[in-house]
Amino acid sequence: MIDNKLKDKDGFETMYLNMGPQHPSTHGVLRLGLVLDGEVIVSAEPDIGYLHRGMEKLAEHRTYQANIAMSDRFDYVTSMNNNFVVALAIEKLLGVEIPKRAHYLRILMAELNRVVNHILLFGFFAMDLGATTALIFGFREREEVLDLFESVTGARLTYNYFRVGGVARDLPEDFIQKTGAFIKLMRKRIKDYDDLVTNNVIFRDRSVGIGKISKEDILAYSLSGPVMRASGIKYDIRKDDTYSVYKEFDFNIPTREDGDCFDRYLLRMLELRESLKIIEQVLVKLEPGEIMAKVPKVIKPPAGEAYIRTESPKGELSVYLVSDGTVNPYRFHLRAPSFINLQILQKILPGVKVADVIAILGSIDIVLGEVDR
Amino acid sequence: MISYIIKILKGSWSLLVGMKVTLKYFLFEKAVTVRYPYEKRKVAPIWRGTLRQLCDDKGEEICDGCQICSRVCPVQCISMEVFKDPADNKRKTSSYTVDFGRCMYCGLCVESCPKKCLVHTTDYAFVSFDREGLVLGKDKLVKR
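From first to last, the protein sequence lines are chains A and B.
Heads up, the first sequence is in my numbering, so the first residue is 3 and it goes up one at a time.
Heads up, the second sequence is in my numbering, so the first residue is 3 and it goes up one at a time.
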């Protein structure tokens with residue numbers, strides 16, 4: 003709780019404002035305790051925990067395979083990427099090699115989900131700044147990908163597609179052709195996005211120069227993902243500490259220099275194009291073959307621990323998994339990028355106006371399911 | 003002052019460019035939305051909806067009560083009672099209930115069923131007025 007007896011710089015009383023947890027722009031159930039001097043923020047404190055489900059503790063009472071199913075619920079926008087990291091951690095403990103086609107399918111799904119995340123960010127960020135049409139556009143394209151996911155996994159949000167040692171199902175026949183069509187469509191739509199939002203003068207006025215995060219702050223707060231790359235640090239775990247078969251693909255890591263809201267937005271739009279490039283390459287490389295490695299029916303990894311880092315659309319998503327040789331993990335820890343990226347708010351919010359809080363929060367891109375777990 | 007006017011002109015122009023995009027979709031493209039209760043979109047054939055138990059050609063249940071599905075379930079929503087039928091000396095279930103209020107539709111039970119008799123339906127609109135209505139027993143689950 004913030005001391006609301008704080009005085010502003012002229013010695014007058016300040017106002018305490020609760021923003022959230024039901025505020026439509028806080029992307030879920032985040033409460034921001036703001037101390038205001040007029041319209042300018044004196045201090046801010048994010049209050050989290052409204053969506054806490056104790057997922058890390060629950061994981062200790064679930065089997066390994068069930069934990070992949072549970073991981074859909076961490077960051078419910080990018081379920082595939084959550085599946086990915088948990089599956090990789092379990093496979094590292096077990097020491098199994100998975101087939102080539104399974105690798106490709108995993109990357110295909112993870113990148114498609116990155117596209118979904120960045121399209122949604124486009125919609126939500128523009129919505130936070132008052133452009134409703136962009137939100138509808140974002141959801142329209144997301145629907146196309148969800149249809150693809152539905153035809154492979156049978157679900158539209160909680161896919162549960164990854165298995166220990168591979169993936170659950172092979173692609174349906176027309177999947178590759180449909181995905182190719184989607185890439186073409188998406189490239190056209192990105193041009194519309196630029197016309198509608200990116201080049202809009204009002205949008206730029208609202209976002210350029212707002213909520214700047216310096217390189218030093220990025221390192222001090224250990225921010226990751228697009229937020230970090232928008233401030234000029236070129237670091238992507240897919241390239242720099244590669245996992246799965248990402249090293250076979252040719253893609254760039256876009257960076258921006260200023261680290262303001264507009265750069266963070268634009269960086270996602272650039273990443274979106276890179277993801278489409280990766281998906282295109284996967285579709286070419288896909289060859290028929292096995293999709294599951296041989297793993298025992300009851301998964302009992304030998305006692306030990308594993309730490310796996312992956313690049314989720316929101317940042318560095320890592321899992322620390324300890325096994326004691328039984329069917330359930332002994333400890334399951336998630337390094338959630340949203341949770342850690344959120345902490346910068348206390349540092350950059352003082353001094354900005356209330357309307358810009360929404361822009362900054364939107365550009366950091368948090369999902370409360372992952373923040374609270 | 004001049005820069006201010008130039009900005010207003012640029013802003014209006016960018017608005018017009020944006021309007022062109024929305025107008026293009028409004029005038030020349032079909033609506034992407036569906037009027038839900040009147041038109042329904044088709045779900046994928048592998049849709050993970052509510053569960054059903056299949057029967058063989060004679061209308062006998064295939065399930066032999068091996069309990070793998072209830073053990074693999076992440077939320078323990080499947081429960082069953084098993085007995086040995088003295089008539090043909092086979093293991094059978096006397097009750098089989100699934101609590102769909104808890105079910106997270108992950109599909110692990112269907113995947114693990116050794117007899118392949120547990121399947122998903124393509125039903126996506128399963129509702130009930132109270133919690134008891136979400137608990138389905140053998141009378142509703144077994145598809146004869």
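FYI, nobody ran anything at the bench for these hints, they're computed from the structure.
Computed from a prediction, not measured in an experiment: that's the story for all the values here.
Idealized CB from N, CA, C, for every residue including glycine.
Incorrect hints may have been included.
Derived list of chain A stretches under chain B, where covered just means 3 residues or more per stretch with a C-beta under 8 Å from a C-beta of chain B [stated by the list, open to error]:
no., segment
1, 59-68
2, 134-148
Some, not all, of what chain B presents toward chain A, calculated at C-beta under 10 Å [stated by the list, open to error]:
no., residue
3, L29
4, T35
5, Y38
6, G51
7, V77
Status of each hint after checking the structure:
{"no.": "1", "hint": "59-68", "in the structure": "holds (count 4)"}
{"no.": "2", "hint": "134-148", "in the structure": "holds (count 3)"}
{"no.": "3", "hint": "L29", "in the structure": "14 Å, violated"}
{"no.": "4", "hint": "T35", "in the structure": "9 Å, holds"}
{"no.": "5", "hint": "Y38", "in the structure": "14 Å, violated"}
{"no.": "6", "hint": "G51", "in the structure": "9 Å, holds"}
{"no.": "7", "hint": "V77", "in the structure": "8 Å, holds"}
Checked against the numbered hints listed earlier, the structure breaks hints 3, 5; every other hint is satisfied.
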